[in-house]
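Hints in hand, dock the two standalone chains.
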Amino acid sequence: MIVQARYLYSVVRSGSQENLGNIGIQESEVYTIPFHDLAAVVHSCEAQPYDTRDRRQAEEWVLEHSYVIDQATAKYGTVLPFSFDVLLKGDDAAVRDWLCRGYLHLNSELYRLNDCAEYSIQIYYDYHLLAEDLMKTNPELAQLRIKIDQQPKGRAYLQKRQFEMQLREQVLGLARKTADGLFSQIEKRCREIRVEKGSSSKKERFKDKEHLVSFVCLFTDEEMEEIGDLLEDVDSDPGFSVRFTGPWAPFSFVRLEAE
Amino acid sequence: MNPERESCLVEVLDRLLNRGVILNADLIITVAGVPLIGLNLRAALASMETMLQYGVMDSWDRRSRDSFTSSEVSPPLQEGEHIILKSFGYVWQNWASTGNWIPGSWYLTSRRLLLWRKSPGEAVFEISLERIQILKVVEAPERERSELDLLYSGGVARIYVSDLEEFRSELYQALASARALVS
Numbered sequence: 000m001i002v003q004a005r006y007l008y009s010v011v012r013s014g015s016q017e018n019l020g021n022i023g024i025q026e027s028e029v030y031t032i033p034f035h036d037l038a039a040v041v042h043s044c045e046a047q048p049y050d051t052r053d054r055r056q057a058e059e060w061v062l063e064h065s066y067v068i069d070q071a072t073a074k075y076g077t078v079l080p081f082s083f084d085v086l087l088k089g090d091d092a093a094v095r096d097w098l099c100r101g102y103l104h105l106n107s108e109l110y111r112l113n114d115c116a117e118y119s120i121q122i123y124y125d126y127h128l129l130a131e132d133l134m135k136t137n138p139e140l141a142q143l144r145i146k147i148d149q150q151p152k153g154r155a156y157l158q159k160r161q162f163e164m165q166l167r168e169q170v171l172g173l174a175r176k177t178a179d180g181l182f183s184q185i186e187k188r189c190r191e192i193r194v195e196k197g198s199s200s201k202k203e204r205f206k207d208k209e210h211l212v213s214f215v216c217l218f219t220d221e222e223m224e225e226i227g228d229l230l231e232d233v234d235s236d237p238g239f240s241v242r243f244t245g246p247w248a249p250f251s252f253v254r255l256e257a258e
Numbered sequence: 000m001n002p003e004r005e006s007c008l009v010e011v012l013d014r015l016l017n018r019g020v021i022l023n024a025d026l027i028i029t030v031a032g033v034p035l036i037g038l039n040l041r042a043a044l045a046s047m048e049t050m051l052q053y054g055v056m057d058s059w060d061r062r063s064r065d066s067f068t069s070s071e072v073s074p075p076l077q078e079g080e081h082i083i084l085k086s087f088g089y090v091w092q093n094w095a096s097t098g099n100w101i102p103g104s105w106y107l108t109s110r111r112l113l114l115w116r117k118s119p120g121e122a123v124f125e126i127s128l129e130r131i132q133i134l135k136v137v138e139a140p141e142r143e144r145s146e147l148d149l150l151y152s153g154g155v156a157r158i159y160v161s162d163l164e165e166f167r168s169e170l171y172q173a174l175a176s177a178r179a180l181v182s
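Residue numbers (numbering that gives the first Met the number 0), protein chains in the order written: chain A, 0 to 258; chain V, 0 to 182.
One chain only, chain V, in its complex shape (with noise of 0.2 Å):
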């Protein structure tokens, strides 16, 4: 049996945005400080091979989301901060191996990015934002979803957000301005 390269669209495309060699993160172009990585043609190529099914999950995603997203408690800020989005969503823990999916409400504010639980009143995953240095939009054919990849001086997470596509543009905004804050 001999190997096909005819009509292997798909396979192209799985090889060279979610494979291959990527840089060190500093060397990557970079825009008021914010690596950029053709976010929205990873956008318009995921449409392709999976639907993105935001909001479709299963009724224990939606009781956790209501719980969620009923609650006003919400996180302190620090003066000065404010909130730009809450969204409902998951962080990885220990997405290189074995881990599992924490649901909780993403907080964007001016300062921060972080999963907040309200019971016990706790920010499961929380990063500055100058602290981000690549954000990256990868397929989860298996859960049938987009998820977004942080990539973050110290580490690498795995996040997913039930309205993706306004959250990371906001994010994205979030990180222009932080950097240029600081720079």
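Looking at chain A on its own, in the form it has when it is part of the complex (with noise of 0.2 Å):
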């Protein structure tokens, strides 16, 4: 037998039964079920998850998954985003059911987030450039490097590793100044801020850059244009470089993991 399933993309604020086309996964077909003023996006299907071990295959399903929430944002507003492969088992009325227990909560997140956007911001500098400036605006520098080189080779040798640590924890401070900088400006600016762990892969045009920091923000589209202008600063320091990405919907700062 046949167990039903419904695939969920996201909860919107929508009181209404919608279908928004065959835009799912595998061009399912895609609808809403409401509760009140509350609507879970989805799709039907048998009770299994996407399961693949083909990873075109992989990422066509999750960029499928990522477009229908798109376009529930851009229909309803600030939605809750499912992550990929959540499947409640049962009918329409099986999540009219869920909706309906997690009322208040979804309820309350859903205004929490309402207007709001998720971004990334990844930063970048360029240890050479930092590193010149540095030699360039302290003199003592400058002077300690030229006195190495007058060294005889074995004791220049040491005193050169020396020097080069000294300096890379100098450009190190001096970046990290700068980043410690911009995320107190943008959390002055934001609902929400968080420095990430770890940094996505790099793109081709900072190669030549070392990562600094990444941060992951909550805001409104009236708050974008500060905040881009602060980007944009750092941005134009030759030392730094920044990406930013966006907007997503609030997978970062949704807070509604299992119970």
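None of these hints come from the bench; they were simulated from the model.
Careful: at least some of the hints might be erroneous.
Unchecked claim - List time: in silico DMTMM-like cross-link candidates among lysine to aspartate or glutamate, alpha-carbon distance up to 25 Å:
no., chain 1, residue 1, chain 2, residue 2
1, V, Lys117, V, Asp162
2, A, Lys88, V, Asp148
3, V, Lys135, A, Glu195
4, A, Lys208, V, Glu141
5, A, Lys208, V, Glu3
6, A, Lys74, V, Glu3
7, A, Lys176, A, Glu225
8, V, Lys135, A, Glu63
9, A, Lys187, V, Glu3
10, V, Lys135, A, Glu45
11, A, Lys159, A, Asp125
12, V, Lys135, A, Glu59
13, A, Lys176, V, Glu141
14, A, Lys206, V, Glu143
15, A, Lys206, A, Glu131
16, A, Lys176, A, Glu191
17, V, Lys135, V, Glu165
18, V, Lys135, A, Glu225
19, A, Lys88, V, Glu129
20, A, Lys206, V, Glu141
21, V, Lys135, A, Glu58
22, A, Lys135, A, Asp125
23, V, Lys135, V, Asp148
24, A, Lys187, A, Asp220
25, V, Lys135, A, Asp220
26, V, Lys117, V, Glu169
27, A, Lys206, V, Glu129
28, A, Lys208, V, Glu143
Listed below in structure tokens is the structure:
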């Protein structure tokens, strides 16, 4: 016997049942199941997760899921986005029942995130450029460098290593100061901001630069301009580069994980 | 400066696989009582970003690995219980805040999953298979490896196993048969 399920894309602010067309995973027909003023965006399927060992296929499904979230956001405003492959066993009534039970929580979360979108900010720095700048502005460092070059070879080697370590520390200090400054400036202007651990893949245009820090933040369209200007300031410094992506549904800020 | 959305595949994947809403475990569809969340797919995509460098560990790790695997001292088994798989690995303690990785030997038996430390001969982490609700492979790019989240009634544990792929599939099967016995 085939067990029915509903694949969940997002929860949106809508009180009506609507058909969004065949825009889902593998061209599934996507529609909304409302409860009061909330609705789940779903497609109907068998109670089997979408699973494959084929990377291309997996990417395609994930992008299709992402597309539905974007379409729902364009139509209904900020959504509560679901992870890939979350299925609810049962029919539309089971989804409505779930919405009913989670209503208070879902409603307050949608209210909290209303009008906001998520953005990622990655900051890179050019070590050599910052080091050169530092040598120019700090005559003591430049002097030390000349002194070392005049030493006998053996001693010069050790001192050179020490000098390089010192320089690296100062460059990193300088870079961190810029990042800290940017963080607190953005913090004042956005709803939420977090430092992200690790860095995602490096784009070709940043290949000569080192990753400094990544932030993920939540803000509205009105707050965008000022934040964009702050990022522009950092990006226009030749020692730094900024990658700014979004808007995303609030994947990193929605708080509805397994209770 | 304006944000971009072009060529952000990696970020889309990260968001859809590692973030966003997941449901209360009992609502996710299950087969033989075991939640399925597209684990092959996660593995397929995981290799895209981080090379899965199993067995590449620093010298401290290698020393601990040797000392754990050379020992024959293993956990006491209950009657009728048998070992399915043994592998070197870690469990993360208090992984939500600060914490540390505790090394040991993972034992997957027909009834339990436990991390055994030869010295002083105790299980640092132990759980019966029936209590495990969700297995989720997660990427840890900062450590250049994949790890496994176990959601179980009462908590979450982050673990690392040196042969994650084999371990995961064995654990998966063990969970299915443990559930079948119960139901």
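Going down the list of hints, with the structure as the test:
1. V:Lys117 - V:Asp162: Holds, because 20 Å separates the two Cα atoms, which is no more than 25 Å.
2. A:Lys88 - V:Asp148: holds, 23 Å
3. V:Lys135 - A:Glu195: holds, 20 Å
4. A:Lys208 - V:Glu141: Holds. Lysine 208 of chain A to glutamate 141 of chain V sits at ~18 Å (cutoff 25 Å).
5. A:Lys208 - V:Glu3: holds, 20 Å
6. A:Lys74 - V:Glu3: holds, 20 Å
7. A:Lys176 - A:Glu225: holds, 20 Å
8. V:Lys135 - A:Glu63: holds, 21 Å
9. A:Lys187 - V:Glu3: Cα-Cα ~23 Å, so holds.
10. V:Lys135 - A:Glu45: holds, 21 Å
11. A:Lys159 - A:Asp125: Holds - the C-alpha atoms of aspartate 125 of chain A and lysine 159 of chain A are around 21 Å apart, at most 25 Å.
12. V:Lys135 - A:Glu59: holds, 20 Å
13. A:Lys176 - V:Glu141: holds, 22 Å
14. A:Lys206 - V:Glu143: holds, 19 Å
15. A:Lys206 - A:Glu131: holds, 19 Å
16. A:Lys176 - A:Glu191: holds, 20 Å
17. V:Lys135 - V:Glu165: holds, 14 Å
18. V:Lys135 - A:Glu225: Violated, at about 39 Å.
19. A:Lys88 - V:Glu129: Holds: lysine 88 of chain A and glutamate 129 of chain V sit about 20 Å apart, inside 25 Å.
20. A:Lys206 - V:Glu141: holds, 18 Å
21. V:Lys135 - A:Glu58: holds, 18 Å
22. A:Lys135 - A:Asp125: holds, 16 Å
23. V:Lys135 - V:Asp148: It holds: about 5 Å lies between the C-alpha atoms, which stays within 25 Å.
24. A:Lys187 - A:Asp220: holds, 15 Å
25. V:Lys135 - A:Asp220: violated, 34 Å
26. V:Lys117 - V:Glu169: holds, 23 Å
27. A:Lys206 - V:Glu129: Cα-Cα ~48 Å, so violated.
28. A:Lys208 - V:Glu143: Cα-Cα ~20 Å, so holds.
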